[in-house]
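Protein sequence lines correspond, in order, to chains A and B. Basically the working numbering = 1-based index in the first sequence + 56. Basically the working numbering = 1-based index in the second sequence + 1383.
For the record, the hints were derived by calculation from the structure and aren't laboratory data. Treat the hints with care, as some may be off.
Stated by the list, open to error - Among the chain A residues that face chain B by a calculated CB cut under 8 Å, a handful are:
hint, residue
1, E158
2, Y393
3, G456
Here a beta-carbon is modelled for each residue, glycine too, at the ideal position from N, C-alpha and C.
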Amino acid sequence: MTNIDRRAFIRGAAGIAALGVSAGFPALVLGAARRVVVVGGGVGGATAAKYLRKLDDTISVTLIERKPSYTSCFMSNEVLSGERTLQSLTFGYDGLRRHGIEVVQDTAVGIDPLQKIVQTAGGGKFQYDACVVSPGIGFKWEAIGGYTEEVAATTVPHAWNAGPQTELLRRQIEAMPEGGRVIISAPPNPFKCPPGPYERASQIAMYCKHHKPRAKIIILDPKDAFSKQGLYLEGWRKLYGYGTDNSMIEWISAAGGGKIEEIDPETLTVQAEIEEFQGDVVNIIPPQKAGAIAFAADLVEGDWCPVDKRTFESTRHKGIYVLGDASSAAKMPKSAYAANSQAKVCAAAIVNRFRGLEPGDPTFVNTCYSVVGEDFGISVAAVYGLNSHTNTIEPIPNSGGVSPANASAEIRKREVSYAHSWFKNVISDMLE
Amino acid sequence: MKRDDTMSKHVRNLLLAVLTLLPAAVMAGPSGQALSFTCAGCHGTDGSSVGPSMPAIAGMDPEVFVDAMKDYRLDKRNPSIMNRIAKAYSDEQFKEMAWFFASQRLHLQPQVTDAALAKRGAELHQKHCEKCHEEGGRPGDAGTLAGQWMPYLQYTMQDFLSGKRDWPRKMKRKVDAAIEDDGADAVSALIHYYGSQH
Ligand SMILES: Cc1cc2nc3c(=O)[nH]c(=O)nc-3n(C[C@H](O)[C@H](O)[C@H](O)COP(=O)(O)OP(=O)(O)OC[C@H]3O[C@@H](n4cnc5c(N)ncnc54)[C@H](O)[C@@H]3O)c2cc1C
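Isolated chain B, as found in the complex (with noise of 0.2 Å):
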């Protein structure tokens, strides 16, 4: 949690900053924060999703997330409803609502996982994934891994392992290596690890 609330610290900061600067109301069209609160019932309010399966948002990096949206709304990523929402809304859209997102605290919720499968994830983390996702895979110019949600991390894993979703630069040849030391419960375990974390 550290590193997360000290990011989400230096975020409010800056909208703190940007706070001071401001006349009373300045809209055009609808607010970043009104566009967020509307994503609540599925991502969860503020984007802290309660689970069992939609991921948290909060907290989220902002170039990450408008990413993300970008590639939904290009239909990528093998979405079930994302790329019929993300349509809607136009790159600033997406970035006023980045920006809301990224300065959420997330708040995470305890999972049931096999507690010899995290620690040998904890390992193969350390070994192949961290470089990237970086303090256990805390929110970060890689996504979110730690304490995400366990069957969207498993939805996200197959659609990369079955070519469904583009891989990230230089990140197959590590889930490669994953797999190649611990065969086919590496990703499970990698899983598991991730799950433990909250």
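For reference, chain A alone in the conformation it holds in the complex (with noise of 0.2 Å):
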């Protein structure tokens, strides 16, 4: 294309509209320098402090995270197939740093949205011109009779935060005896990771098929559907028998039964609706709601957190804002890809915010994809507008959707590979 092409192409609202927040002045020039306090390095708080600092770098970012580093849950179920380790998962925060971040090993205990300021388990206080809050999910430990937090560290793990007990359902796993049986208890919505059970039972079986073809995998859901279902089950019925009597992998419904009561750690016995199910392993993924620190900063209504979807500031404290999993953004799941959307809607109202601007009209993506067994890759994809009367987040109408049933084995295997390229650059997009 030559110049003159080029200045036509860009004549008409096509170049002006491309600016976004970069269009004002930075917000050092309208005073002193603007300090956000981000709770939580995970996907929505890591995304938010980078994107903070990028947008304007004369904003002081501080950064409060318990762990040293992080591991991601997304692609954590390759760490049961064998496919990966839990240390490919975990990563430093250098690369916030070197973007200017102050980033604070810490646990944030309290916020008090009068005076402005955080509170840590360390002792430290820090004040803040805006909050960000991502702290992701807790559980509901009530939910499941003889289900305790010290229940799941040492016999049934959830292993729904990637870390310790990802490694030791491994190796239950590899323990198990040929013909063993596992048992995975699926949570009701909302959930962090809708398509996040399926995809696991769907691991493992990719790891038994080759090491103990006679295991079961069999799967409690208090639901009666669920998400990419279709596209499961056209892999597991291709790859893993499912439908016939020597299927590896099989589903139980809460029409049939699939809600459980209660566990007895000892016996590996799940007390469900209709029956007794006894596992060699026995993984229970609990009921969920927002992480502690929400609760504790008073910004939840029932388990999650309202907020404007124009901004992700909190409905209930001006000047905090409540990112990913733990906010309540229908009609975005709970996943990776929406925190990080998220962030970026977030980090620009913010900017907007410190320079005396209107939030921009946000826009939003998600996008998950699941590895159903060798060269299977499936995926489902949304972009999403604000519908502002409603204050949801609405998917824009015939866009989207799950990869297409019964295609090539060609771009199945696609898939797989852009999966593992997708991780890479989330992870690149929030801490590097």
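Bring the two chains, given one by one in their own frames, into a single complex with the hints.
Given below as structure tokens:
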């Protein structure tokens, strides 16, 4: 294209609207350096911290994270099949430090919305002009009889926050006798990573197919439908004999009695609505709610944190923004890509606020890949806009959706490769 | 990298020129920047994918970009996912994003390549491809080949050769000629050559 063509190309609105938040004065010009304190260095928090500095490097950003490094849940089901190690999912915060972000290893225990101070377990007090909270999920321990934090850490892992429990579950599966039985109890909606329990069953099956071909994986579900269901079933039929007497995976829906009430950790017996199930390995993914700090800071209504979806500012306390799994961001699912996308909308809104500008119209994307088995990848994608009348984030009509049914083997294989590349790019976009 | 730098400088100057003419906030729907930020989880921050297969789109020629997005919206180019995404945007939004990505610097990463194959690929490229894919396939009006992630180039060539993606005008003849020269190795030699540039 010649230079003249290029000029013609941008004439009109195109070149202008491309500017987004950069079309203003840096916050510093308008007064003293603005301070943002970010609580939680997961997908939402880390991405927000990075993009705040990227959009305006006069803003001082402090990230408070209780762990020294981040271990991603996304791709952690591949630890269960032995495809990767937990180490390969663990990343430090030096990349964020290189962006000029102060990373503090501590646990936030309270937020004072009037004094605008975040307090930490270590006794720190951090003054803010805007506070971003992205603490992820907590568990409703009271929901399942006999299931406690201690049981989860020792005998019946949830492995729904990637870490030692992910490795414990992997060891249990490896140690299970040939012909053994794995029980996965899926949580009710809404929960972190809607396709996750089914991806987990698939990854365990992928391992068992080679190492314990007579093993059974039973998913007990309190729901009658699940994310990407048609595609999972297609994959399970093709790879694991689903629908035959020899199916490696069995899915028991709510109607079939899949909701569980109690676990006996001694005998690994689960009491479901209709029958009891005994397993060699039991994985309970409990019902979920926002992380503890969201409750401590009075940001919650019901189980999750209501927000203004144009900015992700809490509707309960001005100046505090809640992102990711902890927020109630319907109709976006609780996923890494969603948290990453929300964080950029929030960062831009904060920068605009500091500059005395109105927030722009938000746009969001969610995508999620699942590897069902060797060379069998599937995905879901959605692009969303804001319906400001109902304060809901709605998919743009006639776009998005799941991978086509019965796609070619070649496309299914490409989606495995793209799943792994998705992972690298999400991690790099949040931490590097 | 040289051409790449000057091109983005050129684009940046244009952007600056536009910027100075602007009132503080012109907003009609999401900004081009906001739209483009949503792509980063797959294509990398500002379009520089860290691989190993998602294509980089930073520095991409804006017309090639818009053509690609329009094709995806029509389910063309044998996409695995881009068709579902492209359907969400208007032509105007494609242009805004095209402009955003064209003005981003492309950061390339080293890839594992076979030196002998890459050397042969360079010769084939000079003979058959350089005319349209100038300067070894650096970003230009026939897209980006130099430094592009090799699995993506592999899929793309496979799609051209199997008829799943329409050939750009006059390109088929040249690819056929390259295959005539070197047989089945020609395509992989070319890909190793592109992958070896960073
Ligand atoms: C098995 C599994 C598979 C998944 N696969 C995918 C996938 O393929 N694609 C996808 O998009 N998503 C996937 N997800 C979901 C994804 O991991 C989450 O949606 C995402 O991490 C949410 O980001 P977040 O910022 O809300 O929370 P998190 O990423 O969980 O981050 C929260 C952070 O806050 C810290 N923290 C919490 N409280 C405090 C405090 N008081 N003080 C200081 N620090 C605190 C925590 O240590 C943590 O680092 C998966 C999840 C699971 C469990």
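Evaluation of the provided hints:
1. E158: This hint is violated: A:E158 lies away from chain B, its Cβ roughly 21 Å from the closest one there, beyond 8 Å.
2. Y393: 5 Å, holds
3. G456: 5 Å, holds
Of the numbered hints given earlier, the model fails hint 1 alone.
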